[in-house]
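Spelled out, the chains give:
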Amino acid sequence: MKYSVFAAGLLGASAALAETPELTVYTYDSFVSDWGPGPAVEAAFEEVCGCDLKLVGAGDGAALLARIKLEGDRSDADVVLGLDTNLTAAARDSGLFAPHSVTADYDLPIAWGDDTFVPYDWGYFAFVHNADAAVPGDFKALAASDTKIVIQDPRSSTPGLGLLMWVKAAYGDEAPAIWDGLSDNIVTVTKGWSEAYGMFLEGEADMVLSYTTSPAYHLIAEEDASKSAASFAEGHYMQVEVAGKLAASDQPELADQFLQFMVSDAFQSIIPTTNWMYPAVTPAGGLPKGFETLITPEKSLLLPADEAAAVRDAALDEWRGALSR
Amino acid sequence: MARRAQPLSPAAGYGAAALVAALILGTLAAVAFNAETGRGLSAADWAAVRFTLIQASLSALFSVALAVPVARSLARRRFKGRSVLITLLGAPFILPVIVAILGLLAVFGRAGWVSEALALFGLEPLSIYGLHGVVLAHVFFNLPLATRLILQGWQEIPAERFRLAAQLGAGPRAMWQLLEAPMLARVVPGALAVVFAICLSSFAVALTLGGGPRATTIELAIFQAFSFDFDLGRAALLSGLQLVLTALAATLALRTPVGEGFGSGLDRMLRRWDGQNTFAQSLDTFWIVFAGLFLLLPLLAVVLSGLPGVLSLPATVWSAAFASVLVASASTLILLALALPMALAAAQGRPLPMEIAGLLGLAASPLVIGTGLFILIYPVASPFALALPVTALVNAVMALPFALRILVPACRDVVARHRKLALTLDMRGWPFLRRVVLPRLRAQIGFAAGLAAALSMGDLGVIALFADPEVATLPLQVYRLMGAYQMQAAAGAALLLLVLSMGAFWILDRGGRWHAEA
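Just so you know, the protein sequences line up as chains X and A, in that order. FYI, this note's numbering numbers position 236 of the first sequence as 236, with every residue one higher than the one before it. Whatever position you read off the second sequence (first residue = 1), add 1000 for this note's numbering.
These are calculated hints, taken from the structure and not from any lab test. Since the structure is predicted, the reported quantities are computational estimates derived from the model, not experimental observations. Please note that the accuracy of each hint is not assured.
[Said to hold, decoys possible] Computed, partial: chain X to chain A, Cβ under 7 angstroms:
no., residue
1, A63
2, A66
3, L182
4, N185
Backbone N, C-alpha and C fix where the C-beta goes; we use that ideal spot for every residue, glycine too.
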């Protein structure tokens, strides 16, 4: 494996003499920001690929897929990085993606056997709260309590959709009743994660829908141990973030090389403290100090991609119905 | 009606209006023709249409109803810091939505200042979330604009009319009947239409303050159709509906005959003799303090939260600020190039098509314009390379309705006053424009340019669809910072944005009337 990367690096380097090949990767905005993994990933990959890695921020989550669909076969993108399992079924159906050739020993709580999409990180959705607050231990206790929460809209936000799936995966047909019970706990529903998290930090709510890894950001980057994530007895819904190669790519080998690089230590060790998620393959150095303080859910929930796509619209109607009353 | 001879050809105005209409309808058509499937509008979409209409109507009514007394007080009083106050009052309008929401919540939220004050007296915290919250937020955004539009109506009453009224011993009632009520009948419908159109395309504000999916607006339904369902047909349909609703509202609001206006004056200093008794004075003070507190407290919250971060802003924020200044300058020039000919054509002929063409820019969903432009540009050029010019163009079109509201009445007066003399002297075209029109429109042009620059600076607009990592405007950078947990840097960048926008507005607006009173 190492040799093939090395060989590809050599090939890349000699090609660079003639003309540096360019690999275009579409991803979400926060990946390419100065604080995201983008800059470090670009430097690390360019060191071995002899190419120019161009990371392009194109909205987030669903907008990223919409963008690719708009561009279709003519797209400049070789790789799309940043879809999750709620989107992979639709992405696969678009016929724009090609199978990958990546092999890796994933450290995911679930088995991964997708032939088109390669996972690069994952996390659990969770409600984040101030560490000194008493919090409910499951959705039913939350509904019965007067704890106030801010959530995101599933129609415009990835965590919002995650919560929708979380309740659906945990409660199935009972989901509408759960939403009904939660309706008086929900302070408001925001367009995106940033609004909700900002409101929580300003004290508008006791808990905000985010990730189990959010407290790690405050602990590691701000040396602030005041935030925790509430552990829910139903288990926590997972988000697995993936990348895929576009069938129309003019750099298919380079795209394969990037996907393989993505599950290597060089890439994976960047993830925890920039994307604040768990790496898909734990790097040799282990997780950064501070991650051991995070809660580990007893049960991991994740609907398979096809099922997630199938239940999505009905679950959305239930959500809207319960919260519009 | 036989066409009367006019000193200026309206062709440029019609051309500009056609350009704007082509941009908006062309992008809409581009999206519609790209649609594959389409399941028509669902019950949920119709619920969104209903909610949108209700909240936009209420927001327009409340904004304008409050703006009338505030503008009247500002028109009657002269005090230290008045012009600074008037400029500052415009600030909410240009803040990025996410920043404004957080500022508003810092004052009116569950943990806001008002709730904390209530808690001192053992009272429950304020509940801002719901339809009333949506209206409150929209009034916060639009009261300043409505106030400025109406205040301008007062300023366009020639000083001689007030002098004459005072000489004839007109009391407040007579002053109201003779001067103020007819002026308001001219100005208020336009202000209502503009605020209604702005609120029609509200999304994040309505959702967040509305407290949940009850507060789904058409714009959110468009967003959902586009990025959740990838149903371009439905997105185009909803956007078309938004346009039709705006055009209807504009027709209703603007078809009322506007009357003859107040004729000409000698542009002399305004002095008011009315409203000098204690009651009138305290009433005016009340309205000015009310508007000041309501609009400036959330702003103060934005400033306070931004101060710690503003000294240590990352370099990307500064380059984004530079890009924003560039976009705002270009956008302002484009706006003037479109708005002036359109306003002059409207002043010389039928104003309604111009007004509607202008309002379309506001009502059109930025997401649909952006997507449409993307579809149109993509086959011929890289959308990334055109990110900034496209943003400048779209921002200019979005600011057009405001500019028209500001310019059209003044143009109408100038043309009415000087048309005959100019034609007698055979003064047409450029000389008429340069010697007669432009000098008399300085204040309005300055105001419109200032508003366009500030709006463009603060608008996230279509750049989010086009930008690559190296190109970001300041609002986009604020969002990016927040998305990366950098709340403090984001607050600092938002403060910088506020300062830049207000600065641009101040310079242009003052530049337009540096030697004028008011």
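Status of each hint after checking the structure:
no. : hint : in the structure
1   : A63  : holds (5 angstroms)
2   : A66  : holds (5 angstroms)
3   : L182 : violated (11 angstroms)
4   : N185 : violated (11 angstroms)
In the structure shown, a violation is registered for the earlier hints numbered 3, 4, in ascending order.
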